[in-house]
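Visitor: The residues making up each chain are set out below.
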Amino acid sequence: MALLEIKNVVKRFGDFTAVNNVSLSVEAGEFFTLLGPSGCGKTTLLRMLAGFEQPDSGQIVLDGQDMSRVPPEKRPVHTVFQSYALFPHMTVRQNIAFPLKMAGWDAKKIASQVEELLEDVRLTQFGDRYPHEMSGGQRQRVAIARALVDRPRLLLLDEPLSALDAKLREQMQIELINLQKEVGITFVYVTHDQGEALALSHRIAVMSHGQVEQLDTPETIYSYPRNRFVADFIGQCNVLEAEVVAGNGDGTATIEIKGCGRMRVALRGEVAPGQKGWLALRPEKIKVGRALAVEDGEVHFKGRVNDCLYLGDVTIYLVEVGDGVVIETMLPNSAPGLAKLFDDQDQVEIAWRFDAGSFVTE
Amino acid sequence: MNWVKNNLGKWALSWPPLLYLVLFFLVPTAIMFVAAFRFPGDFGGLAPMYYVEEGRLVWDLTLENFQRLFEEPLYWELFLKSAVYAGVTTLACVAMGYPLAWLIARSPKKYRDLMLLLVILPFWSNFLIRIYAWMIILGPGSAFTHAVNAVVTALGFEPLQLLFTPFAVIVGMVYVHLPFMVLPLYANLEKHDLALLDAAQDLGASAWQRFWKITWPLSLPGVFAGSALVFIPALGMFAIPDILGGTDSIMIGNLIKQQILDTRDWPFGSVLSIMLTAGVLGIALLGALVARGGKRG
Chain A
1 MALLEIKNVV KRFGDFTAVN NVSLSVEAGE FFTLLGPSGC GKTTLLRMLA
51 GFEQPDSGQI VLDGQDMSRV PPEKRPVHTV FQSYALFPHM TVRQNIAFPL
101 KMAGWDAKKI ASQVEELLED VRLTQFGDRY PHEMSGGQRQ RVAIARALVD
151 RPRLLLLDEP LSALDAKLRE QMQIELINLQ KEVGITFVYV THDQGEALAL
201 SHRIAVMSHG QVEQLDTPET IYSYPRNRFV ADFIGQCNVL EAEVVAGNGD
251 GTATIEIKGC GRMRVALRGE VAPGQKGWLA LRPEKIKVGR ALAVEDGEVH
301 FKGRVNDCLY LGDVTIYLVE VGDGVVIETM LPNSAPGLAK LFDDQDQVEI
351 AWRFDAGSFV TE
Chain B
1 MNWVKNNLGK WALSWPPLLY LVLFFLVPTA IMFVAAFRFP GDFGGLAPMY
51 YVEEGRLVWD LTLENFQRLF EEPLYWELFL KSAVYAGVTT LACVAMGYPL
101 AWLIARSPKK YRDLMLLLVI LPFWSNFLIR IYAWMIILGP GSAFTHAVNA
151 VVTALGFEPL QLLFTPFAVI VGMVYVHLPF MVLPLYANLE KHDLALLDAA
201 QDLGASAWQR FWKITWPLSL PGVFAGSALV FIPALGMFAI PDILGGTDSI
251 MIGNLIKQQI LDTRDWPFGS VLSIMLTAGV LGIALLGALV ARGGKRG
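Protein sequences, first through last, are from chains A and B. Going by full-length UniProt numbering, the first sequence opens with residue 1, and the numbers climb by one from there. Going by full-length UniProt numbering, the second sequence opens with residue 1, and the numbers climb by one from there.
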């Protein structure tokens with residue numbers, strides 16, 4: 001049985017439905033992420049897991065036990081808050097010892113456990129400092145150590161890296177992954193940053209308007225978004241309006257993109273002729289060249305480079321194919337030297353395999 | 001040039017209050033300090049500081065006034081009793097002001113100003129009138145006294161006299177000083193980060209532990225500020241014991257007033273005043289040291 005089961009949970013604030021019938025389960029030892037734009041209900045769901053909010057209906061079951069009537073202080077669940085919420089009048093050691101004191105551990109055991117956690121987050125020499133004497137990244141680590149010190153069944157993290165600058169964030173991401181592996185505690189992580197979600201998680205639940213749009217591994221979510229929202233929200237994606245011409249019966253369909261023509265596309269599910277939707281296609285899955293050999297199973301277009309965005313490691317080329325249809329492509333600048341391949345107005349050919357993209361609906 | 005210009009502005013703004021304090025606080029204090037070493041005049045007030053004898057100037061100063069204070073334990077007991085009254089008043093103000101300040105600080109923002117206004121509303125009427133009102137409330141004929149004594153006799157005790165007792169003095173002092181406790185406490189509690197309480201609860205703290213381990217220690221600066229604002233004026237209070245207290249509940253302020261105004265023994269009144277000021281300064285200094293020691297960084 002899963003460690004955490006969320007069953008048909010609904011939460012309303014007045015007229016606003018923050019969480020709308022969400023069901024999902026999280027396995028023990030998993031790094032699970034709730035991802036979505038602000039207002040999608042992810043933080044409300046997290047607060048219900050912590051016990052600060054009560055579901056209007058539905059159940060939250062942890063370790064087979066219904067948590068509905070259990071107050072936050074009695075749950076084997078701790079939270080790392082976005083603002084860290086370190087106690088300003090306590091040293092780092094006193095902060096980390098806090099949950100153990102509340103649980104009534106004896107002083108000797110507390111001291112040794114606190115030292116162990118300080119070591120885990122590499123802050124041993126900062127133990128007697130006060131929070132305001134530390135950097136953002138260090139405070140972050142104290143908050144995590146404090147929430148892990150009595151080995152909760154579940155650690156909730158509410159956008160814990162959003163206050164850090166980009167470089168430090170990447171470093172903290174690696175530390176988080178390693179720490180989670182080391183302690184083996186189940187993490188439920190809330191973020192609006194899709195890059196962070198992809199980098200950290202075993203599985204991601206993409207949320208929008210209080211509902212789960214897709215729940216999958218990062219690779220699946222990125223490669224096979226289930227609907228237009230997920231395709232748009234995760235990473236860069238060409239989302240081209242399309243209409244189904246016919247199903248081919250072999251797990252593919254023929255679709256027509258206005259101004260561009262017909263093409264084959266791989267399917268995940270059933271479609272009917274005349275159905276409207278979008279072709280979702282990642283820029284980096286598209287081949288670009290001055291002249292490309294047509295290979296079997298490839299969709300092939302001639303076009304013209306409209307714009308180039310040189311980003312250093314990669315360059316984004318916006319290629320106009322057919323009538324006003326612009327497709328974003330991305331090529332690594334992996335060749336030695338300046339490495340930029342094309343210029344504005346260059347005539348190019350682009351191609352992708354029929355299963356490189358997917359047909360998505362609303 | 002700029003430096004002079006900038007500081008001229010500061011100087012222009014700060015000399016009037018400085019002059020005011022020097023003229024009306026520092027100079028009188030110095031006069032009082034000197035008066036403590038002079039002899040009382042034959043008909044009250046002060047005797048001359050010096051006289052001329054055989055063409056020589058002779059200073060006529062004495063330590064007798066201090067001697068009198070140090071030799072008579074009654075005065076020390078009065079100092080101690082005043083400190084106890086002021087201390088009890090301060091504790092009662094903390095006990096009553098803290099929940100009130102907390103309630104205001106946690107109320108919706110739109111009601112807070114109104115509630116603060118209600119706290120300072122008593123200042124709109126005269127201090128003495130309010131104390132005389134307490135005289136009526138605590139008097140033997142009042143409904144309040146009847147109600148209290150109904151309970152007391154029902155429990156099998158003799159009826160109590162409320163007015164002209166230490167109890168009446170404390171009640172009056174708490175009543176007058178409560179706003180001075182509530183306002184600094186509110187200013188402190190209002191700034192607390194509520195996420196800390198969420199975090200404490202999340203980490204296993206019960207409601208009582210959340211108060212005792214988080215809210216209370218973080219509110220100590222407010223408690224100290226309020227206590228100073230209550231304790232110091234309460235220590236020197238004379239009007240309330242005069243009106244509400246009996247013969248056994250006078251405070252050091254009453255003695256000073258009596259020495260200066262009734263007995264007209266200005267030198268001894270000055271000695272008592274100086275000791276009171278020194279005592280307050282000593283307590284304030286101690287408080288500052290404790291606060292510095294307790295303040296981490």
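Read the hints as simulated data drawn from the structure, not as lab findings. Incorrect hints may have been included.
[Claimed, not checked] The list that follows gives simulated cross-link-like pairs (lysine-lysine, DSBU-like), each with its CA atoms no further than 30 angstroms apart:
#1 74/A <-> 191/B
#2 191/B <-> 101/A
#3 167/A <-> 181/A
#4 7/A <-> 101/A
Visitor: Are any of the numbered hints broken by this structure? If so, which, sorted upward?
Guide: 4
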